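In the order they appear, the protein sequences are chains A and B.
Numbering follows the UniProt record's numbering, with no gaps: position 174 of the first sequence is 174.
Numbering follows the UniProt record's numbering, with no gaps: position 60 of the second sequence is 60.
A hint or two may mislead.
As the list claims (entries may be wrong) - Partial selection, computed: residues in chain A whose CB lies under 8 angstroms from chain B: (1) 10; (2) 79; (3) 110; (4) 117; (5) 120; (6) 126; (7) 127.
It is worth saying that the hints were derived from the structure and are not from the lab.
Please read all numbers here as calculations on a predicted model, not as lab measurements.
C-beta atoms are modelled at their ideal positions from N, C-alpha and C, and glycine is treated no differently.
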Amino acid sequence: MSMARFSPFELVLINSRSQVDTATLLLLAWVLVHRQHVSEGQRRRRLAQVTAQFRHGHELGPVMGIAHSQNLQAIQLAAEILRKECSPERSLSVIHQSIAVATDDGELSMANHYILRFLADLLNVTPTTLSTLFYELTGRPFSTPEDPSRHVYWEQHNPDYFTQKAREAAAEQQAREDAEEQARQKAQQREQKKQRKQQEKQRQQEEAQARQENTRQERARKQQRDEQQRRERARGEQAKHDQARRERAQGERRQWQRTSLPPDRTSRALAVLGLPPGASRSDVRIAYRRMAQLHHPDRFYTESEHKVALASARFQRIKNAYDYLMQTY
Amino acid sequence: MRDLYQRLSLSSKASEQEIQHAVTGCQNSALRQDAETVLTVNVHRDTYDTLHHTLSDIGCLRARLGLTHGAHWQGDVANDFSMPPDNAISRHDELVDRVSSAVSLYNRWRRWRGPWLLIAMFATGAGIGIVIGFALRLGLAAG
Numbered sequence: 001m002s003m004a005r006f007s008p009f010e011l012v013l014i015n016s017r018s019q020v021d022t023a024t025l026l027l028l029a030w031v032l033v034h035r036q037h038v039s040e041g042q043r044r045r046r047l048a049q050v051t052a053q054f055r056h057g058h059e060l061g062p063v064m065g066i067a068h069s070q071n072l073q074a075i076q077l078a079a080e081i082l083r084k085e086c087s088p089e090r091s092l093s094v095i096h097q098s099i100a101v102a103t104d105d106g107e108l109s110m111a112n113h114y115i116l117r118f119l120a121d122l123l124n125v126t127p128t129t130l131s132t133l134f135y136e137l138t139g140r141p142f143s144t145p146e147d148p149s150r151h152v153y154w155e156q157h158n159p160d161y162f163t164q165k166a167r168e169a170a171a172e173q174q175a176r177e178d179a180e181e182q183a184r185q186k187a188q189q190r191e192q193k194k195q196r197k198q199q200e201k202q203r204q205q206e207e208a209q210a211r212q213e214n215t216r217q218e219r220a221r222k223q224q225r226d227e228q229q230r231r232e233r234a235r236g237e238q239a240k241h242d243q244a245r246r247e248r249a250q251g252e253r254r255q256w257q258r259t260s261l262p263p264d265r266t267s268r269a270l271a272v273l274g275l276p277p278g279a280s281r282s283d284v285r286i287a288y289r290r291m292a293q294l295h296h297p298d299r300f301y302t303e304s305e306h307k308v309a310l311a312s313a314r315f316q317r318i319k320n321a322y323d324y325l326m327q328t329y
Numbered sequence: 001m002r003d004l005y006q007r008l009s010l011s012s013k014a015s016e017q018e019i020q021h022a023v024t025g026c027q028n029s030a031l032r033q034d035a036e037t038v039l040t041v042n043v044h045r046d047t048y049d050t051l052h053h054t055l056s057d058i059g060c061l062r063a064r065l066g067l068t069h070g071a072h073w074q075g076d077v078a079n080d081f082s083m084p085p086d087n088a089i090s091r092h093d094e095l096v097d098r099v100s101s102a103v104s105l106y107n108r109w110r111r112w113r114g115p116w117l118l119i120a121m122f123a124t125g126a127g128i129g130i131v132i133g134f135a136l137r138l139g140l141a142a143g
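One chain only, chain A, in its complex shape (with noise of 0.2 angstroms):
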């Protein structure tokens, strides 16, 4: 036997006139509190309302805060009592009585979907007697209720959120591609800068050739002006003409190579494939196919091993070229 105290809704059991109408009231102020957007004062009125015909004989203040605190042993001694006590015209009306207090502004939360289940349970209602009664009287049909332990529901309920989570996302994303690009440009300059270096070099090591050249050419000349002296006018004048010629053939190639600046590894490239510089990607491709076709080494494998050494040189060549290509352009 146990010796704890009397609990609140066992003194307003014992106290009451009929336990039947207690323990309905509670349970009916239950499904009253998961209602929402309703204020405390309407839940009381509403309460005392549904119940003016029952016969418990005490406050509604007292059952109302038993039902807030949510009290489970009150709820099951009430639930027990509306078991033992209830006929079958009576469970009806329950259930119609805690449906009427449940949907009054036409919306049925989520929690007294399961609690309109549980009573219904309790007292013996069928589902289809369920549903039939609730569409009568709300003029809806008893849905199923939805399930927030879903990602759908809230993809429903809070658009707000995935738009936002969207958006930050795609900003995120929008960052992220800039720092690629800026990285991408960073690289390319380097790059460039490399390269022009490279080719800076290459024409100082060009120019001082040139200039080698020119004090060679330089002694030759005065070489040859002390033999011209020395010998006839004839001869003299013809190869000064020679060396006119020479010196002409000289500046052209010199201006060549100056034109043709800057010689870098793509035009290089480009060459290898036998295109003009500013070709197009699909230029290259189309390029390096018909040259792999034309120098492939087993072409030439019924011929000398020689040849097919230097095809499959050449090949190689075209290959580098092409796969360079590809990475750059």
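Chain A is fixed; fit chain B onto it per the hints.
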């Protein structure tokens, strides 16, 4: 409605770090997406927790009332929120027991004429006190 805490083997009072850890470690991608949406966003979690609490209560009530196989208790909810029957006895029987024991105590009290008994006990206690007081005074006077 499913019990995501149970499916992620968490308690319903788990902290955000625990939830985050469990969500990232979850193998099932659908469950991971659901848990990420529901449990890691505070607004969603509050709503979910309220309903979770109500459903746990209903599951407990159904277990105690023998309604775990009711016609209205099916699907995910029944799978996740049904509890094993516990040893809690019927509240109504308990109430009846307590009321009857209180009644028997009261009856016994009335049968033994409790108030008179109380007065008699008080009178004897006072008499004994007076006697002891006199004895002490005589002893002091003699000494």
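Using Cβ atoms only, decide whether residue 110/A comes closer than 8 angstroms to chain B, and label the hint accordingly. holds (5 angstroms)
Hint check: 8 angstroms Cβ-Cβ cutoff, residue 79/A to chain B: holds (6 angstroms)
When the nearest CB of chain B is found for residue 10/A, is that gap smaller than 8 angstroms? Check passed: Cβ of residue 10/A comes within 6 angstroms of chain B, closer than 8 angstroms.
Hinted contact residue 120/A with chain B - closest CB pair below 8 angstroms: holds (5 angstroms)
Would you check whether residue 127/A satisfies its interface hint, that is, whether its CB is within less than 8 angstroms of any CB in chain B? holds (5 angstroms)
Can you verify the interface hint for residue 126/A: is its Cβ closer than 8 angstroms to any Cβ in chain B? holds (6 angstroms)
Closer than 8 angstroms between Cβ atoms is the bar; does residue 117/A clear it against chain B? Give me holds or violated. holds (4 angstroms)
Hint violations for this structure: none, all hints satisfied.
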